[in-house]
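Number of protein chains: 2
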Amino acid sequence: MSPKKEVLVLKDLLGSNKKIAGEIRAHLEEKGILTLNLLSSPGAGKTTLLEKLIEHLHPTYRIGVIEGDIETTRDAERIRAKGVSAWQITTGGACHLEAKMVGNLFSQIPADLDFLFIENVGNLVCPASYDLGEHLRLVLLSSPEGDDKPKKYPKAFTTADALVITKIDLIPHLPFDPQRAAQEARELNPELKIFTVSSVTGEGIQELSSFLIEKLKELRTIHA
Amino acid sequence: MSPKKEVLVLKDLLGSNKKIAGEIRAHLEEKGILTLNLLSSPGAGKTTLLEKLIEHLHPTYRIGVIEGDIETTRDAERIRAKGVSAWQITTGGACHLEAKMVGNLFSQIPADLDFLFIENVGNLVCPASYDLGEHLRLVLLSSPEGDDKPKKYPKAFTTADALVITKIDLIPHLPFDPQRAAQEARELNPELKIFTVSSVTGEGIQELSSFLIEKLKELRTIHA
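Chains as they are written, first to last, in this note's numbering: chain A, 8 to 231; chain B, 8 to 231.
Bear in mind the hints are in silico, worked out from the structure with no lab data behind them.
On a predicted model such as this, the values are computed, not experimentally measured, just so you know.
Do not take every clue at face value.
Because identical chains share one entry, a pair is satisfied inside a single copy or across any pair of copies.
Simulated pairs of lysine-lysine, DSSO-like, Cα-Cα distance not exceeding 30 Å [claimed, not checked]:
| hint | residue 1 | residue 2 |
| --- | --- | --- |
| 1 | Lys-89 | Lys-25 |
| 2 | Lys-89 | Lys-26 |
| 3 | Lys-222 | Lys-38 |
| 4 | Lys-224 | Lys-158 |
| 5 | Lys-59 | Lys-26 |
| 6 | Lys-224 | Lys-59 |
| 7 | Lys-25 | Lys-38 |
| 8 | Lys-162 | Lys-222 |
From just these sequences and the hints, can you work out the full model?
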């Protein structure tokens, strides 16, 4: 296939995805459900962060989680063990979630949720190109990955609303400078909100939870 | 685009890639250059492992490195600082290297190399589908990523010849069981060779270097 044809096919796919994502977002806004798309490399701590956020927010807030994985239902099982609903999407090889996969689950998702978290496939590249109808995109960067990653994988950082630097309890054992990581990310995206968290010590989870509650209030004020 | 058409396009692309990869492999065998394709998540330690292998192997062995990244030439600069030749491929967004990208560099690569290392884009998913003409595929799993990753991202492990568990110096601070990671990987791929290394302490680098030297000898015996 010629490079020109490849680009046209990709534009088609993304155009169709964007349309479905817009419909999903409108539906969620009507219900007042704040929806978050979590992106990161494999093993950056997305599921563990969700477990900690659920401990803070549930049962005061009603939570649902969509788990995207290549294979296994391990992550959905971990989330259900926390007492909230989780729906597993196993892509069977595909490297990212698409809006239609989220749309296909809609009949199963209760209309009275406060938060819908979508944990994307662990991949810092491909998921950044696919709008899932979310209101906020969170990119996680775990400290063991290194502080040079934002400019090496820019799209996840330029398209995110917030950066969550995870596993900060490990920083004493690593050549990781959180200031450098934050500065690189802000050079790519000056509007980026930045949080630093440890799911082991609990540091930073309260601040991130408060930010999400504030964003839920904003959504409901705008779409009241 | 219909799902059926998507599959046909992908098969076309992979078929063409496979053909080019075969030509590259034949060319490298004729020159006696053992070629390795390194796959992993972002930040699993591919470049640092290469720096350590170069310290062991260079200048006794002649080494070249192809660096694949979405953006920046940082990794090639790190490799050149070790005194060996490095060629940077910046994909400008693409999530994996393809054989034709490697083929395009051939006029620049000296014919008297012993080892050609290809560091793929940091992505545990997409690069697994693309043969680059390598003789050995190494998948890296860093201990902070978690011991549950092989079955969640199976293709990288089923297509690899060796698994290198990296950052083992961090294990005392992590919920990571190297035996579980190794067992999962071997259930997917019983032939997999497994190494455990720390680029901080140097543990395991000698064993991995010896394995590569052995494989170089085998290549030259077979294609003498």
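Original post:
Which earlier hints can't be squared with this structure?
Top reply: 1, 2, 4, 5
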